[in-house]
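Q: Each chain is listed here by its residues.
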Amino acid sequence: MGIYYTKLAMLSLWKTRYMSLLAIIIIAVGIAATMTTYTINYMMTKDPIPSKSDSLFLVRINNWSPDVIYGNEDEEHAPIYMAVQDAVNLIRHDKAQAQIPIAGFKDMLKLPTQDAVDAKMTFVRSSTRDFFSSFDVPFLYGSPWPQGSDKSGEQVAVISKKLNDQLFAGKNSVGQVVELGGHQLTVVGVLDDWSILPRFYGESTRAFKGPRDVFVPFQTQLNLELWSPNVQAFECWKEADNASVEAFWASECIWVYFWVELHNELEKDAYMDFLESYVEQQKALGRFQRPMLNELQSPAEYLKEREAYSSDSEIAVWLAICFFALCLLNAMSIIMTKFQSKAGEVALRRAVGASSVDLIQQYMIETGIIGLFGGLFGLLLSQVCLMLSSQLYTHLSKDIMAMSAQLMVVTVLLSIVSSLIFGLFPIVKAIRVQPATQLKSL
Amino acid sequence: MKDLLPIIKSLKSNLSASLLFILQVAITFTILVNAIFLAMDKRQSIGRASGLDEQNVFYIATNLPVEEDERASMLDQDLANLNALSGVEYASVSSGVPLSGWGRFLEVATEPDARYDTFSGYYGGDLNLFNAFGVKLVAGSEFSPSSELRARTDGHKVAIDIMITKSLAESLYAEQWEQVVGKTIYIDKKPQRVVGVIDKLQAAWPTWVVVEHVILGPVKEADAMVYYIIRTQPGQQSAVMESALAYLMSFHGRKIDKIETFEQVKANAYSAENAASNTLFGVIGGLLMVTALGIFGQSRYSIIKRTKLIGIRRAMGASKGQIIRYFVLENFVLCSIGIAIGIVSAIVLSNAFSNAFSLGTVPVHYMFYGTLSTIFLGQIAVLYPALKASQLSPAIATRTV
Amino acid sequence: MLRMNKLAKTYRTNEVKTSALRPFDLEVKQGEFVAVVGPSGSGKTTFLNITGLLETASEGQYWLDGVEVSTLGDKAKSRLRNEKIGFVFQSFNLIPELNIYDNVEMPLRYRKLSASQRKERVEKALEQVGLAKRQTHYPSQLSGGQQQRVAIARALAGSPSFLLADEPTGNLDSKMASGVMSLLQEINQKGTTIIMVTHDLSQVAFASRVIEVKDGVINDVENYAQEIA
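Protein chains in written order, with the numbering used here: chain A, 1 to 442; chain B, 1 to 401; chain C, 1 to 229.
Derived by calculation from the structure, the hints in this document are not laboratory data.
This one's a predicted model, so the numbers in the text were calculated from it and none came from an experiment.
A virtual CB, placed ideally from N, CA and C, is assigned to each residue, including glycine.
A hint or two may mislead.
Below 16 Å or equal to it, Euclidean Cα-Cα: the simulated EDC-like pairs (lysine to aspartate or glutamate) are [stated by the list, open to error]:
id	chain 1	residue 1	chain 2	residue 2
1	C	Lys190	C	Glu32
2	B	Lys189	A	Asp67
3	C	Lys77	C	Asp102
4	B	Lys200	B	Glu54
5	A	Lys15	C	Asp220
6	A	Lys238	B	Glu54
7	C	Lys77	A	Asp358
8	A	Lys52	A	Glu261
9	C	Lys112	A	Asp273
10	B	Lys255	A	Glu179
11	A	Lys7	C	Glu97
12	B	Lys190	B	Glu107
13	B	Lys157	A	Asp118
14	A	Lys120	B	Asp257
15	A	Lys238	B	Asp188
16	A	Lys7	C	Asp102
17	C	Lys133	C	Asp102
18	B	Lys157	A	Glu239
19	B	Lys190	A	Asp67
20	A	Lys106	B	Asp154
21	B	Lys255	A	Asp118
22	A	Lys268	A	Asp115
23	C	Lys75	A	Asp67
24	B	Lys255	A	Glu239
25	B	Lys183	B	Glu111
Examples of chain B residues lying across from chain A (beta carbon under 10 Å, computed) [unchecked claim]:
id	residue
26	Leu11
27	Phe21
28	Leu149
29	Arg150
30	Thr153
31	Lys157
32	Tyr247
33	Gly294
34	Ala315
35	Asn351
36	Gly360
Can you make the complete structure from the sequences, with help from the hints?
A: Now the structure itself:
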């Protein structure tokens with residue numbers, strides 16, 4: 001029966017092709033609007049790293065002036081970042097499965113063979129080797145630097161695929177040397193295509209930008225005293241002893257984000273205990289003169305607290321859904337018009353013995369096909385819209401504007417299901433005609 | 001008006017199609033009003049004046065490539081040379097650039113022991129900074145030549161005299177904001193004397209609630225990285241950018257971190273708002289198109305369905321004008337009902353948005369203009385079908401259809 | 001095969017009750033060719049619609065091949081229509097976008113038949129009406145008489161107990177009409193019961209029995225030709 005109905009549906013669609021086409025276009029436009037906004041919103045609010053969302057935590061300890069509450073808030077919270085000395089101490093104690101300081105700077109980058117004028121200002125991320133394993137970062141060539149480099153602060157670097165393409169024409173560059181602000185760094189690894197959205201581990205205001213292109217050991221940044229005053233946000237409740245970078249490292253200025261990987265409640269509890277003993281020990285040394293407010297915060301909690309998500313994308317989804325409803329109503333009235341001219345056929349089929357269920361099935365296949373075509377065309381349109389959006393939304397990473405295979409299937413299904421639902425009323429209305437009256441007047 | 005009764009009767013006999021039409025108008029109105037409001041809201045923040053002479057200002061972020069104790073004199077040397085370039089009105093050093101997303105904010109209080117009254121952005125620089133920005137004075141005076149100070153960093157801690165924006169003054173003293181001149185206020189708990197009030201100047205973060213609160217300090221900071229703010233004579237900007245770069249690059253070890261015109265800074269600062277408002281305008285365009293198409297199609301269909309009826313009316317002596325009037329009036333009645341429902345749902349949606357996303361609610365005059373434009377759209381879309389209907393020959397009535 | 005007992009039809013609109021058919025009894029036997037005559041507005045079509053299960057009588061009983069139909073639901077009635085009744089309409093009612101074969105096959109589609117069974121029946125029905133070679137043509141490519149033959153083939157394809165024909169020649173010229181009539185007669189002679197509404201007196205002659213409907217009253221007329229004379 002299905003094939004027969006499909007054949008009838010195709011014939012009927014062809015017979016009323018302009019109306020059918022109009023309905024398909026209108027549904028497609030609505031679907032495209034909804035799925036484009038939904039994709040953007042989904043990509044912005046999705047779990048950045050589902051396999052690790054329960055095991056990664058931002059470590060917050062309450063290092064601030066004894067006189068005022070951090071941030072002058074009504075309710076006291078520990079700062080989101082910490083001083084260099086605490087990050088170094090926590091790494092040294094090595095109490096978590098993985099310890100990932102998030103720091104950075106920028107400097108001029110070039111190949112040793114290039115002229116100084118060819119050097120490019122490049123943002124550098126400094127962390128530990130755990131960064132790559134904990135955040136599931138894929139490698140194209142080489143590997144993260146060895147643990148020894150984290151300890152000694154060796155002059156090594158991992159670079160992005162993009163940078164490798166620019167500097168080394170995409171060839172395996174492991175063992176090659178790059179020059180960063182006059183320091184020679186040996187490349188130990190090249191990343192494969194990698195994006196992480198939202199990029200939760202650093203400043204929340206940059207959560208929708210792509211990752212940096214160069215990664216070096218945190219200890220290397222400390223050893224080489226690489227500091228850019230306008231890259232990492234920092235706050236100081238007490239001035240450094242002098243203007244040197246060395247003094248800044250030793251100061252109470254806070255700016256290093258510190259993430260840990262802990263696999264279960266047991267490990268979490270143990271780490272909280274450790275933090276307590278650590279802060280107690282520091283208190284005994286005269287630091288941390290505020291109430292103890294240690295906290296382990298998940299990526300989702302952190303992003304939410306920092307209000308990283310813009311409400312714009314969510315509003316756009318709601319508006320698009322209203323718009324889609326409008327398109328469906330519009331398509332519904334077109335389908336109603338289409339089916340009203342079918343009264344004769346309905347009556348005839350009723351006369352030769354088709355039950356109402358038979359006819360509902362037959363016409364639902366027709367509206368379903370409209371939905372299918374609308375969905376496919378809508379999918380195409382949404383790809384175009386996403387492409388346009390990636391041009392328009394220059395402040396967002398292009399990776400946001402990509403639809404997963406799942407979402408593509410959802411797009412087409414949504415179109416079919418909503419067409420079936422909104423087509424039902426016109427169908428029932430068309431089938432309700434009295435066959436007797438229609439047959440005579442034909 | 002004698003057409004009204006038959007229109008209402010035909011609505012009743014054609015209930016589902018009429019309801020569908022009304023519902024479409026209602027939804028269109030709801031989205032239209034809210035989308036325009038949101039788009040305008042974005043446009044407004046983009047359109048806010050920064051207080052700067054926006055077309056003629058650019059900045060260069062660079063280092064002072066000398067040992068730390070020589071930086072202050074290097075800074076003075078740079079400033080003297082930059083000011084001497086042809087086409088330069090004022091060249092100055094600043095601790096930050098408005099709307100650049102990177103800057104310093106301070107706590108402001110009127111009493112020494114108070115926690116704080118509000119926050120404010122801060123720029124510190126030489127005496128030229130006021131003119132390099134191109135901001136205007138509305139009360140008090142500019143800094144006296146003797147008030148200029150030096151610091152390596154955090155100049156706000158050493159400042160004695162300051163200027164503040166009118167917006168900040170108003171938030172401290174409301175109506176009596178002019179009285180702030182000569183008063184001492186507490187910046188990060190340090191007493192500082194306000195000598196003048198600036199009409200308008202924005203802080204570094206465009207979406208900050210108190211983006212209009214700014215403190216200007218006459219303190220030159222010779223840190224590792226400095227921002228040179230250069231205001232040029234009109235039309236000289238690109239030439240000056242080149243000559244300034246050429247001058248700066250003549251020093252060994254000089255790194256240019258960034259060079260941008262203020263217009264670029266502003267475009268970057270509001271790229272999110274720009275993108276959002278463009279998207280909204282796109283939605284509005286699609287919306288109007290779909291709705292107009294829908295109204296057009298439905299009017300056309302309802303007229304084809306009533307071809308015979310129209311023929312009979314024509315045969316019975318209705319003029320072309322009367323036929324057109326009938327359909328135009330019918331469209332008007334349906335749109336009006338739709339808009340009435342739309343106003344209610346627009347308010348509901350607007351309240352839902354304002355609760356969920358802490359936005360303002362749509363003001364009443366948007367409803368008014370929304371009504372006008374929806375009616376207008378409806379009338380435009382019905383015009384062609386109605387004209388077609390009026391051209392039907394009365395002879396149709398006598399033919400069996 | 002067809003028995004009606006005190007069957008009546010009344011319409012209700014806005015509190016006004018109109019009696020379309022007054023209570024009547026009727027029995028039609030296998031193999032009869034019944035002509036239904038009467039002036040327009042007399043209730044002929046209502047009679048035909050009730051007989052064809054397109055409308056339900058307001059009172060009385062109706063047995064079709066021994067099944068009481070007045071209490072059946074939509075699905076069961078649809079099935080009965082499909083299996084027992086073949087319709088022939090004045091305006092042919094062919095579906096323009098389907099070819100001749102598909103038009104004739106239509107009623108068979110609502111039965112559980114294999115494709116080859118359907119093909120066999122369609123071809124047989126088309127052969128009966130002499131249009132076996134036109135299977136792939138579309139209705140618009142045929143003359144009115146041929147279209148009506150297709151409609152008859154469609155009615156026959158389901159091997160119904162009886163044919164219901166509503167002014168089958170009303171839209172045809174006299175030459176085509178007589179062709180259709182002789183086809184109907186041939187079908188009747190092969191054993192199919194026919195009930196035909198007509199007001200063409202020349203066609204009454206083909207019938208073995210005449211029923212007159214007048215102001216909602218149904219009567220058998222023994223010798224119609226004489227009575228009107």
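Q: Could you run down the list of hints and mark each one as holding or not?
A: So, going through the hints one by one against the coordinates:
1. C:Lys190 <-> C:Glu32: holds, 11 Å
2. B:Lys189 <-> A:Asp67: holds, 12 Å
3. C:Lys77 <-> C:Asp102: violated, 23 Å
4. B:Lys200 <-> B:Glu54: It holds: about 13 Å lies between the C-alpha atoms, which stays within 16 Å.
5. A:Lys15 <-> C:Asp220: violated, 46 Å
6. A:Lys238 <-> B:Glu54: Violated, because 37 Å separates the two Cα atoms, which is more than 16 Å.
7. C:Lys77 <-> A:Asp358: It holds: about 13 Å lies between the C-alpha atoms, which stays within 16 Å.
8. A:Lys52 <-> A:Glu261: holds, 8 Å
9. C:Lys112 <-> A:Asp273: Judged against 16 Å, a Cα distance of about 75 Å means the pair is violated.
10. B:Lys255 <-> A:Glu179: Between B:Lys255 and A:Glu179 the Cα gap is close to 15 Å, so the pair holds against 16 Å.
11. A:Lys7 <-> C:Glu97: Holds. A:Lys7 to C:Glu97 sits at ~11 Å (cutoff 16 Å).
12. B:Lys190 <-> B:Glu107: Given pair B:Lys190, B:Glu107 holds - Cα atoms ~10 Å apart, limit 16 Å.
13. B:Lys157 <-> A:Asp118: violated, 39 Å
14. A:Lys120 <-> B:Asp257: holds, 10 Å
15. A:Lys238 <-> B:Asp188: Judged against 16 Å, a Cα distance of about 13 Å means the pair holds.
16. A:Lys7 <-> C:Asp102: It holds: about 11 Å lies between the C-alpha atoms, which stays within 16 Å.
17. C:Lys133 <-> C:Asp102: holds, 14 Å
18. B:Lys157 <-> A:Glu239: Roughly 11 Å separates the two Cα atoms, so the pair holds.
19. B:Lys190 <-> A:Asp67: holds, 15 Å
20. A:Lys106 <-> B:Asp154: violated, 21 Å
21. B:Lys255 <-> A:Asp118: Judged against 16 Å, a Cα distance of about 12 Å means the pair holds.
22. A:Lys268 <-> A:Asp115: With a Cα-Cα distance of about 50 Å, the restraint between A:Lys268 and A:Asp115 is violated, given a limit of 16 Å.
23. C:Lys75 <-> A:Asp67: Roughly 84 Å between the alpha carbons, so the hint for C:Lys75 and A:Asp67 is violated.
24. B:Lys255 <-> A:Glu239: violated, 27 Å
25. B:Lys183 <-> B:Glu111: holds, 11 Å
26. Leu11: violated, 15 Å
27. Phe21: Since chain A brings a Cβ to about 7 Å from B:Phe21, closer than 10 Å, the hint holds.
28. Leu149: Result: violated, 17 Å to nearest chain A Cβ.
29. Arg150: For B:Arg150, the interface hint is violated, since the closest Cβ of chain A sits about 13 Å away, which is over 10 Å.
30. Thr153: At about 7 Å, which falls below the 10 Å cut-off, the nearest Cβ of chain A leaves the hint on B:Thr153 intact, so it holds.
31. Lys157: holds, 9 Å
32. Tyr247: Because about 16 Å separates B:Tyr247 from the closest Cβ in chain A, which is outside the 10 Å limit, the hint is violated.
33. Gly294: holds, 4 Å
34. Ala315: violated, 21 Å
35. Asn351: Because about 13 Å separates B:Asn351 from the closest Cβ in chain A, which is outside the 10 Å limit, the hint is violated.
36. Gly360: violated, 13 Å
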